[in-house]
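Take these sequences, add in the hints, and give me the full structure.
Each chain, letter by letter, is given below.
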Amino acid sequence: MTNPFSNPSYLLPPLAALAVTIILLMVIWRKSRWDFSSRIFLLLIFSVGLWSFFVFGMRASPDTSHALPWGRAVIVPGFATWVFYFHFSAAVTNLGKQRGIILIAYSLLILAAILSPTDLVIRSMRVESYGYAPDTSTLGLFFFLAGFILIVLSVRNLLKRYKMSLSHEERNRLLYLSIAAVFPILGGGLDGFSNLPPAAIWTNLIFCIICSVAIVKYHLLDIRVVVRKSLAYALTSVLIAVPYAGMLIILNQVLRTRSEPWWVHAIIILLLAILLRPLYSLTQGFVDRLFYRDRYDYLMALERFSKETQNILDLKSLSSKMVELVSGALRVSSVFLVLSSEAKHGLIIASSTGVVSPPAGIVLKNSSPLVKWLELHGEIVSSEQFNVVPQLQSLSQKEKTTLEAMGAQLLVPIKTRGGRLSGILIIGEKLSQQSFSGQEMQLLATVSTQMAMVLENARLYDESQQEVAERKRAEEETQKFKIIADYAGYGVIIVNSRNKIVYVNEAYAQMSGYSPNELIGKHVFTIYPEEQKKKVGRLRKQLDRRGIYVGEEVGHKRKDGSIFPTLMTGTVVRDENGGILYREGTVIDITDRKKMEEQLQHSQVLASLGEMTAGISHEVNNPLASIILLSEVVLAGDMPKQTRRDVKVIKGEAKRAANIMRDLLTYSHRMQPRMRRVNMHGLIKKILDMRQYQEKVRNINVTSNFLKGPLYVNGDSAQLTQVIINLVVNAEAAVKETKEGKIIVTTRVDGERVKLSIADNGTGIPEENLNQIFNPFFTTRGVGKGTGLGLSTCYGIVTGHGGLIHAENNEMSGATFTVEIPLAGKGRQGILSLRPEEVAA
Amino acid sequence: MLTEDKYFQTLTKAELWQRYCGFLDLSVNEFMEIQNELLMDEIERVADSILGKKIMGDQKPKTIEEFRQRVPLTTYDDYEPYLSERQEDALANKPLRWCHSAGRGGRFKWTPQSSEVFEKGVRSYLAAFILSACSKKGEVNIRPGFRLLATVAPPPYTSGNIMLALTQGVSMKLMPPLEDVTLAFHDRIRKGFQMALKDGVDFIGAVTSILARMGEEFNDQMRNSKLSAEMMHPKIISRLLRAWVRSKRESRQILPQDIWSAKGIIGSGLDTSIYKDAVAHYWGSGPHELYAGTEGLVYAMQSWNKKGMTFLPDMVFLEFIPHEELLKYQNDSDYRPRTVLLDGVEEGGLYEVVITQLYGMPLLRYRLNDIIKVIAIKDDEAGIQLPQIMFQRRTGETIDLAGLVQLDEKTVWEAISRTGIKYVDWSACKEYEHKQGYLRIYIELKKEMNLSKIAVAIDEQLRIVDIDYRDLDDYLKLQPVKVTLLSPSTFQRYIDERIKQGADIAHLKPNHINAPENVIQRLLELSSIGENE
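From first to last, the protein sequence lines stand for chains A and B.
The first sequence begins at 3 in our numbering and counts up one residue at a time.
The second sequence begins at 22 in our numbering and counts up one residue at a time.
Don't read these hints as lab results, they were simulated from the structure.
Just so you know, these numbers come straight off a predicted model, no measurement behind them.
A hint or two may mislead.
[Stated by the list, open to error] Below, a list of computed lysine-lysine pairs in the BS3-like style, where the Cα atoms sit at most 25 Å apart:
| # | chain 1 | residue 1 | chain 2 | residue 2 |
| --- | --- | --- | --- | --- |
| 1 | B | Lys27 | A | Lys162 |
| 2 | B | Lys34 | A | Lys165 |
| 3 | B | Lys83 | A | Lys402 |
| 4 | A | Lys402 | B | Lys27 |
| 5 | B | Lys27 | A | Lys165 |
| 6 | A | Lys400 | B | Lys74 |
| 7 | B | Lys34 | A | Lys400 |
| 8 | B | Lys83 | A | Lys374 |
| 9 | B | Lys443 | A | Lys99 |
| 10 | A | Lys99 | B | Lys34 |
| 11 | B | Lys468 | B | Lys443 |
| 12 | A | Lys367 | B | Lys83 |
| 13 | B | Lys115 | A | Lys400 |
[As the list claims (entries may be wrong)] Examples of chain A residues lying across from chain B (beta carbon under 10 Å, computed):
| # | residue |
| --- | --- |
| 14 | Asn96 |
| 15 | Lys99 |
| 16 | Gly102 |
| 17 | Val391 |
| 18 | Ser398 |
| 19 | Thr404 |
| 20 | Glu406 |
Each residue gets a CB set at the ideal place from its N, CA and C atoms; glycine is no exception.
Next up, the structure:
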């Protein structure tokens with residue numbers, strides 16, 4: 003036998019243990035939560051370290067006399083380890099009523115520390131085959147026994163807490179701490195009651211490592227999984243090792259060699275790996291079923307869930323299947339699937355199992371703190387958390403009562419990929435009355451993710467089905483309407499609940515310039531101009547609220563973008579629950595009516611003005627004539643220069659007043675035109691020649707786009723001249739401020755009318771004035787700069803000729819005045835063949 | 022097993038912290054969400070009750086905004102005679118108990134409280150115990166079975182009802198026990214301390230000024246108390262011996278902290294901030310302040326750093342009338358003051374607290390007449406995101422000087438304490454001399470002092486604690502403080518007289534501020550009797 007004292011395998015273990023404890027100390031120091039229990043645990047590891055150090059001192063001693071003090075010193079950290087372990091278990095479990103035991107334990111530790119240097123604990127040191135061994139006294143055995151009792155009490159504390167705890171992680175940690183205690187008991191037992199080599203140093207080390215893992219990262223491993231996995235691998239190894247050994251024996255027998263070269267082993271292992279592959283898989287499956295029964299069941303459940311739900315698209319059947327599967331897999335008293343209902347602003351039960359009459363109506367409101375919590379955190383909530391989390395403590399009484407009635411133990415959020423909470427799986431208590439394990443929670447979390455996807459698909463399918471059904475129903479309904487509506491003398495538009503046009507009749511199509519197919523499927527706002535959308539929105543609200551609106555004036559937009567006024571009446575079609583199916587509108591185009599109204603309004607103005615003018619013209623013209631006449635008589639006589647000038651002014655102003663009266667009579671058609679055949683081109687050219695000088699002076703470029711040849715109309719040449727002069731002079735005035743004034747005079751024939759347009763590049767007419775410029779006395783010039791009768795006179799003359807006059811702003815940013823006069827009957831044939839001819843004036 | 026015991030057994034420390042003190046981790050939005058949810062639940066519950074209809078009308082408010090717009094601010098008179106006659110038919114739910122106010126506001130009030138309120142109350146008081154005994158977030162240093170020495174009035178006073186609920190919710194030893202209701206208040210306190218001497222104490226709950234006074238007078242009491250047979254108990258002897266050794270080691274007289282090392286002290290009363298140092302000196306730990314009341318049991322509390330108080334989200338629905346709105350209301354009683362919610366308060370602002378009871382109880386938009394000050398919008402040191410407040414005063418309990426200064430009890434009290442004058446008690450009011458208003462303080466001293474020096478000292482301290490007062494003092498060039506000394510034992514005589522008259526506990530002492538004229542007169546008469554003796 004070799005001398006154990008010079009054997010590294012005897013000396014190194016305590017040193018290695020010391021090194022490991024130092025590392026553990028540092029890890030715990032840095033990583034733990036640094037609470038009271040962690041501080042005690044640090045002391046525990048420190049004691050183990052000290053223990054290892056003293057053991058090293060003992061083993062390194064040259065003889066028993068040197069080894070004895072070290073051996074005695076070991077007593078103190080050895081016993082302290084178990085005292086600290088007990089104190090640690092009391093602190094970590096927080097069970098209470100441990101103070102007495104802690105006090106006794108620390109008292110014994112002090113006693114051990116006092117007595118350890120004496121021979122009352124360890125009498126002497128002897129040498130065994132493995133090294134030094136202490137001769138323990140009765141008191142020493144007492145301390146040994148006390149240490150054992152403390153370990154047992156500690157394990158009892160941990161297991162007691164394990165039973166009470168509902169937290170899976172805490173239970174796992176407590177299991178670690180309890181299992182760790184087996185090792186020192188084993189080591190201590192071997193050292194104390196057998197003659198085997200000392201094992202405590204190793205078992206203590208294992209104990210410390212397991213405890214450290216539990217403290218620093220207790221959720222690192224699931225202890226049950228570790229144990230089962232180890233056993234599973236051991237079994238698999240045995241199953242492979244047996245045929246391997248058998249093959250070796252056979253080879254030995256066949257080859258009759260005592261030792262095989264290395265390549266023989268390599269080939270055998272390779273062959274085994276290939277041949278036993280199916281066996282390995284079978285074994286693995288067997289081990290899985292044997293040792294991971296629950297996990298296996300869950301995997302099966304998950305697989306079943308995936309298989310059985312993937313082809314169901316009907317939301318109701320799917321909900322029912324889900325609830326059934328979850329209930330079967332977890333063996334729980336009840337399962338509810340509550341789904342979000344937009345219409346009801348909350349979650350309602352879609353399916354349930356385990357209850358005879360599930361609660362009706364809303365289970366949880368959308369505004370419920372529980373719903374918000376689940377949506378925000380996306381984690382499973384247990385009913386215990388209702389008493390822990392501040393937000394969940396404020397659940398309303400109604401919701402609390404409902405959840406209690408449902409026996410809710412777990413609430414599993416079902417969230418869509420977008421993070422929206424589409425539903426909650428409410429799980430009742432387990433039939434075994436046990437708490438839910440980590441694997442079960444994991445299963446639920448996985449299932450909920452799958453559920454979310456499957457439900458989302460089903461919901462989309464359901465929606466699309468609904469849409470198809472709705473469209474079909476709409477088509478049937480529309481067909482009935484179509485027959486009637488197509489022959490109606492007014493427009494009909496039908497819009498669905500999502501504001502999509504589902505029908506327009508031919509009449510509306512004609513009004514708008516769209517074909518019916520171009521509008522169907524479009525949003526209803528397509529047919530309204532921007533400025534009308536607000537009004538349309540208001541009318542729609544009114545329609546939804548009251549079911550009808552009548553005779554509302556609404557502008558519609560044609561395909562070419564132009565706007566036409568309509569009179570609309572709206573009604574609404576509802577389903578049996580009061581939900582809106584369609585909104586229907588009848589549309590009457592009132593463009594002509596509007597024009598007529600405007601003309602009527604204008605005619606009324608003219609008529610009243612004419613009446614008034616006719617009435618007063620006689621009364622005013624007579625005195626004016628007298629004034630003019632008498633002025634001329636007076637002027638004929640002698641008088642001072644100043645008086646003559648004044649009388650001339652009187653005469654001039656009286657003439658001006660008489661002219662105004664004449665214009666008014668003209669405007670109100672009281673001056674009858676003397677109609678004859680007149681060449682419009684001749685008139686225009688004459689006037690343009692007359693204005694040529696003025697235009698040159700003002701740097702105005704006049705362009706004439708005339709049709710070739712004469713252009714005859716029936717009219718009063720004097721009055722028509724007045725119109726053209728008015729318009730040309732107005733155009734000249736409009737371009738006055740422009741650098742390069744431009745006037746374009748155009749004639750053309752449109753049907754049976756001559757169209758004369760005079761366009762300028764001046765400042766144009768403000769939109770708000772366009773409707774007023776032909777009104778008498780309307781002027782934008784300053785006071786005294788115009789009577790406001792020019793254009794109104796033109797209007798009177800043109801309409802007196804059976805024509806039209808209108809104005810609009812043009813692309814040159816100026817205005818264009820267009821005069822339409824009926825063609826004279828004789829010249830019409832020739833004119834139609836004429837082509838435009840540009841003549842520069 | 023009692024409800025809270027079960028939580029202490031089954032929950033981890035982190036979960037315990039979350040259950041009891043989790044409100045400190047809420048954001049303002051989360052706080053408001055809880056408030057809104059509970060208010061809607063409350064509206065739902067009370068809408069059809071007689072009192073609910075009386076206050077809210079027949080149409081139930083559908084939103085919080087509608088509730089605040091439509092429901093008027095109320096006072097106790099709006100609920101009369103239903104509450105003072107304790108008519109439970111007028112309520113939405115049957116209450117668990119009726120609580121009796123101390124009558125500090127000038128009248129006794131009965132307020133019903135449901136079992137849910139008491140459950141939340143117990144949870145909140147346990148939160149106060151935890152916070153009073155910890156020095157950092159997450160530290161839970163208590164467990165069921167703790168010993169509480171509480172100088173509270175018995176049920177049906179609110180404080181007594183809370184203690185009753187506590188003893189029914191968690192295993193604890195209350196000293197003195199509530200069963201000793203026949204004992205007079207002073208005897209109950211004495212008995213409590215005797216029990217504490219034997220059994221030790223984990224927590225002390227009391228009005229802070231009483232604790233400070235007890236600390237001051239502790240040595241005298243120790244010297245004067247006789248060693249009865251009860252005192253010869255080994256536990257008491259060992260406790261006293263330990264205290265003696267401790268005091269000798271520190272070379273000073275025995276202090277309460279030598280005898281009891283309480284984990285936490287829960288202080289109530291608006292004097293808490295004034296006496297916190299004295300309490301810490303005598304009792305070894307500063308008081309943890311609570312803002313509590315009959316109508317909601319507890320509204321706010323300090324966190325572990327013992328600075329500002331944080332409101333609880335689920336005891337009552339909270340609204341606040343800004344100070345400027347109060348002033349408008351004071352000028353025009355028809356004016357309807359605007360309120361803000363907790364997310365609308367501003368740092369440095371003074372607000373009157375308006376509460377709506379929750380869990381089916383009847384008080385809606387009820388004016389507490391308490392003025393609080395928002396001292397900070399959050400507490401970065403403790404990581405609290407909610408506004409931090411301190412109790413300022415009750416409305417109307419101020420002394421107006423020249424229309425420029427509003428002196429409240431807290432200010433006068435602080436000024437007197439800062440002078441270092443040893444006094445028994447005091448009472449202040451406004452008096453006139455040559456049409457000039459001034460602050461008159463009637464004070465009973467422990468040791469004789471020069472009268473003019475006292476007035477000067479108080480004036481000096483008032484200048485420090487109240488800027489407006491200093492400005493007024495500088496502006497008017499006169500010292501608006503006058504002091505009347507009361508002869509020794511005047512206040513004790515007054516209290517004895519009131520006890521004989523059968524007065525209630527809360528009405529034994531004269532008010533500190535604006536005591537009625539007849540009370541002041543009686544104090545002066547009793548003082549002159551003392552002088553003649």
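These are the hints, each one checked on the structure:
1. A C-alpha spacing of about 14 Å is found between Lys27 (chain B) and Lys162 (chain A), which places the hinted pair at or below 25 Å, so the restraint holds.
2. Distance hint between Lys34 (chain B) and Lys165 (chain A) is fulfilled; the C-alpha atoms sit about 17 Å from each other, no more than 25 Å.
3. Of the supplied pair hints, the one linking Lys83 (chain B) and Lys402 (chain A) holds, its CA atoms being roughly 21 Å apart against a limit of 25 Å.
4. With a C-alpha separation of about 20 Å, the suggested pair Lys402 (chain A) and Lys27 (chain B) falls inside the 25 Å cut-off, and the hint holds.
5. At roughly 13 Å between alpha-carbon atoms, Lys27 (chain B) and Lys165 (chain A) fall within 25 Å of each other, so this suggested pair holds.
6. A C-alpha spacing of about 21 Å is found between Lys400 (chain A) and Lys74 (chain B), which places the hinted pair at or below 25 Å, so the restraint holds.
7. As the CA atoms of Lys34 (chain B) and Lys400 (chain A) are separated by approximately 30 Å, the hinted pair breaks the 25 Å bound.
8. Taking the CA atoms of Lys83 (chain B) and Lys374 (chain A), the gap is near 20 Å; set against the 25 Å cutoff, the hint holds.
9. Restraint check for Lys443 (chain B) and Lys99 (chain A): the C-alpha separation of about 45 Å exceeds 25 Å, so the hint is violated.
10. Between the alpha carbons of Lys99 (chain A) and Lys34 (chain B) the distance comes to roughly 18 Å, so the proposed pair stays at or under 25 Å and holds.
11. Annotation: proposed proximity of Lys468 (chain B) to Lys443 (chain B) holds, straight-line Cα distance about 7 Å (limit 25 Å).
12. Proposed proximity of Lys367 (chain A) and Lys83 (chain B) is supported: the alpha carbons are some 15 Å apart, at most 25 Å.
13. Using a Cα cut-off of 25 Å, the hinted pair Lys115 (chain B) and Lys400 (chain A) holds, with the two alpha carbons roughly 17 Å apart.
14. Checking Asn96 (chain A) against chain B: minimum C-beta separation of about 7 Å stays under 10 Å; hint holds.
15. At a threshold of 10 Å, the smallest CB-CB gap from Lys99 (chain A) to chain B is about 9 Å, leaving the interface hint in force.
16. The beta carbon of Gly102 (chain A) comes no nearer than 14 Å to any beta carbon in chain B, farther than 10 Å, and the hint placing it at the interface is violated.
17. This hint holds: Val391 (chain A) has a C-beta 6 Å from the nearest C-beta of chain B, less than the 10 Å allowed.
18. The closest approach between the C-beta of Ser398 (chain A) and any C-beta of chain B is roughly 4 Å, which is under the 10 Å cut-off, so the hint is satisfied.
19. Because the closest C-beta pair between Thr404 (chain A) and chain B is about 13 Å apart, greater than 10 Å, the hint is violated.
20. For Glu406 (chain A), the suggested interface contact is broken, since its CB lies about 14 Å from the closest CB of chain B, more than 10 Å.
Hint compliance for this structure: hints 7, 9, 16, 19 and 20 are not met, and every other hint is.
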